[in-house]
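Chemist: Go ahead and model the full structure; you've got the sequences and the hints to work with.
So the chains spell out like this:
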Amino acid sequence: MTTTQAEPVIIPDFGDSTPTGRKLAIICSKGNLDMAYPGLILANAALGEGVQVDLFFTFWGFDMITKSRMEHLKFTMLGNTATHMPQGLGGLPGMTAMATHQMRKQIHDVGVPDVPEFLTQIVDSGGHLWACRLSAEMMQLDESDLYDGVEGIISAADFIEKTEGAQLLFI
Amino acid sequence: MIVTTIGTSQVHVDAEGFLTDYDEWSEDLARQLAGQIGIELTDRHLEVLRYLREDYKEQGETATLRRASLQTGVPVKELFALFPGKPAKKMAYIAGLPKPVGCV
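Line order of the protein sequences matches chains D and V. Start counting the first sequence at 1; every next residue gets the next number (my numbering). Start counting the second sequence at 1; every next residue gets the next number (my numbering).
Calculated from the structure, these hints are not laboratory results. A quick note: this is a predicted structure, and the numbers were derived from the prediction, not measured. Treat the hints with caution; some may be incorrect.
As the list claims (entries may be wrong) - Think about it this way: if two alpha-carbon atoms lie no more than 25 Å apart in a straight line, the pair counts; the simulated SDA-like pairs of lysine to any residue are:
id, chain 1, residue 1, chain 2, residue 2
1, V, K77, D, P19
2, V, K77, D, R22
3, V, K77, D, I107
4, D, K23, D, E49
5, V, K99, D, P38
6, V, K99, V, F18
7, V, K99, D, A156
8, D, K67, V, V104
9, D, K67, D, D13
10, V, K99, V, G35
11, V, K99, D, K74
12, V, K77, D, D16
13, D, K23, V, P84
14, D, K23, V, V104
15, D, K30, V, V104
16, V, K57, D, D109
17, D, K162, V, V101
18, V, K77, D, M70
19, V, K99, D, V110
20, D, K105, V, R31
21, V, K99, D, T18
22, D, K23, V, F80
23, V, K77, D, Y37
24, V, K99, D, E151
25, V, K77, D, D124
26, V, K77, D, G126
27, V, K99, D, P12
28, D, K74, V, V104
29, V, K99, D, M70
30, V, K77, D, H128
31, V, K99, D, P19
32, D, K105, V, V104
33, V, K99, D, K67
34, V, K77, D, V110
35, V, K77, D, A156
36, V, K99, D, K162
37, D, K162, V, K77
38, D, K105, V, T64
Modeler: Okay, structure coming up:
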């Protein structure tokens, strides 16, 4: 059925007239290839919705922003029952490399970028990247070792302060 | 289905106001749609909108922000400047297309 509507014209609500000031804080604590993506995808989605996003990379998540490692994150079947393969297989030589290769291909096939390119897109979309001070000290890394888009190495307390009022995701 | 008047044109829209008939769109209409959400179209906007229209015709779904940036060469940063706030949805609205469904 078709109804004719005269006035007012329907204009989608893009939130410009009533900004919500919504903020999202994402803590990335994992360095596995498969666990790098949830944070990146959600950050990207939130930025596209006009949400302010701050990401904090800590512990193993530091690999996501460490230049020498960010392109070489791996996926292992070990300890991951969701592959539905016998756990013993995962421990065979070469299995992690094979599983990683397969996952990279699947990620690429659905048009999702690799980690460094994804971080660039997030920074270009207005996202903020922060490195955990304690992790940097433990791993003896400084800013020169980190991806250029990282704005600083800060303490956990600094991050909590920066993201006051934000919704928080721990991954 | 809702019929509404934008400028001098009668067009079909969904409940949110997005055009539902691909062929009812024109660049003149795009200017009016853009004006309603506070955007004055430039050639750069139109370059992106024309790409979105073409891509939709081929792919049957609206390009995501990433796809639009890669295919047009317009940097993501610039897309955010051209269509501030929620760029992918604003681009789709002005291009007379459905909201993109892709995640990245």
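Chemist: Starting from the hint list further up, note which numbers the structure goes against and sort them upward.
Modeler: 7, 9, 11, 17, 20, 24, 29, 33, 35, 36
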